[in-house]
Amino acid sequence: KNEVEQSPQNLTAQEGEFITINCSYSVGISALHWLQQHPGGGIVSLFMLSSGKKKHGRLIATINIQEKHSSLHITASHPRDSAVYICAVNYGGSQGNLIFGKGTKLSVKP
Amino acid sequence: DTGVSQDPRHKITKRGQNVTFRCDPISEHNRLYWYRQTLGQGPEFLTYFQNEAQLEKSRLLSDRFSAERPKGSFSTLEIQRTEQGDSAMYLCASSLGILAGDPSSYNEQFFGPGTRLTVL
Numbered sequence: 001k002n003e004v005e006q007s008p009q010n011l012t013a014q015e016g017e018f019i020t021i022n023c024s025y026s027v028g029i030s031a032l033h034w035l036q037q038h039p040g041g042g043i044v045s046l047f048m049l050s051s052g053k054k055k056h057g058r059l060i061a062t063i064n065i066q067e068k069h070s071s072l073h074i075t076a077s078h079p080r081d082s083a084v085y086i087c088a089v090n091y092g093g094s095q096g097n098l099i100f101g102k103g104t105k106l107s108v109k110p
Numbered sequence: 001d002t003g004v005s006q007d008p009r010h011k012i013t014k015r016g017q018n019v020t021f022r023c024d025p026i027s028e029h030n031r032l033y034w035y036r037q038t039l040g041q042g043p044e045f046l047t048y049f050q051n052e053a054q055l056e057k058s059r060l061l062s063d064r065f066s067a068e069r070p071k072g073s074f075s076t077l078e079i080q081r082t083e084q085g086d087s088a089m090y091l092c093a094s095s096l097g098i099l100a101g102d103p104s105s106y107n108e109q110f111f112g113p114g115t116r117l118t119v120l
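Chains as they are written, first to last, in this note's numbering: chain A, 1 to 110; chain B, 1 to 120.
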């Protein structure tokens, strides 16, 4: 059983739509990361957060520590947003290594 | 570009052969991580170094796997007697590490492009 669960697994949207990807985890964490992976494998860190909300351009990440839940929102989606979005956490007792969800594959159609 | 680099980007080998991958982290980063990702799955932690010390190894890392970071800079991951199940993307990441006195301060990890291994 994966300790980090993401939903949905796959998501298809029309250009311009508002997108939400969810992540839940099972135990206390020190930090939660949202990552973007394009075909070919390269991973880019989008956000690292331990509380509240962060915004960067059209991307917004929120976290609710009590509910052990985080969301990644994309406003005004664009075909170039098509990628796999991965949620990962640092658990409180870990040494910094990340525990990853399986990812959400997003496809934005023009 | 001073990001994390990995070499080679692709490796095809026959079952039973040994392979070695290299990772060059961002120069001022003292932490280096190796992850493995199979198709359709998220990455899984293999091992990590703080400077030259290997501090943690996943139980995924069988005896056929060994990793080194001899001078605290680049790292190598060797797989001996490769098996078809070793086929995966091997990812390296680096970070500044935990700030002294603040164990909750996990720093952002920067990932390399990965090495895709195919074992025939």
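These aren't lab readings, by the way, just hints derived from the structure by calculation.
Virtual Cβ for every residue (Gly too), placed ideally from N, Cα, C.
Any given hint might turn out to be false.
Taking lysine-lysine pairs in the DSSO-like style, the calculated list, with each CA pair at most 30 Å apart, reads [as the list claims (entries may be wrong)]:
{"no.": "1", "chain 1": "B", "residue 1": "K11", "chain 2": "B", "residue 2": "K71"}
{"no.": "2", "chain 1": "A", "residue 1": "K105", "chain 2": "B", "residue 2": "K11"}
{"no.": "3", "chain 1": "A", "residue 1": "K68", "chain 2": "B", "residue 2": "K57"}
{"no.": "4", "chain 1": "A", "residue 1": "K54", "chain 2": "A", "residue 2": "K68"}
Only some residues are given here: those of chain B computed to face chain A with a beta carbon under 8 Å [claimed, not checked]:
{"no.": "5", "residue": "R22"}
{"no.": "6", "residue": "P43"}
{"no.": "7", "residue": "M89"}
{"no.": "8", "residue": "F110"}
{"no.": "9", "residue": "G114"}
{"no.": "10", "residue": "L120"}
inquiry  = Could you work out which of the previously given hints the structure breaks and list their numbers from low to high?
reply    = Per hint list: 5, 10 violated.
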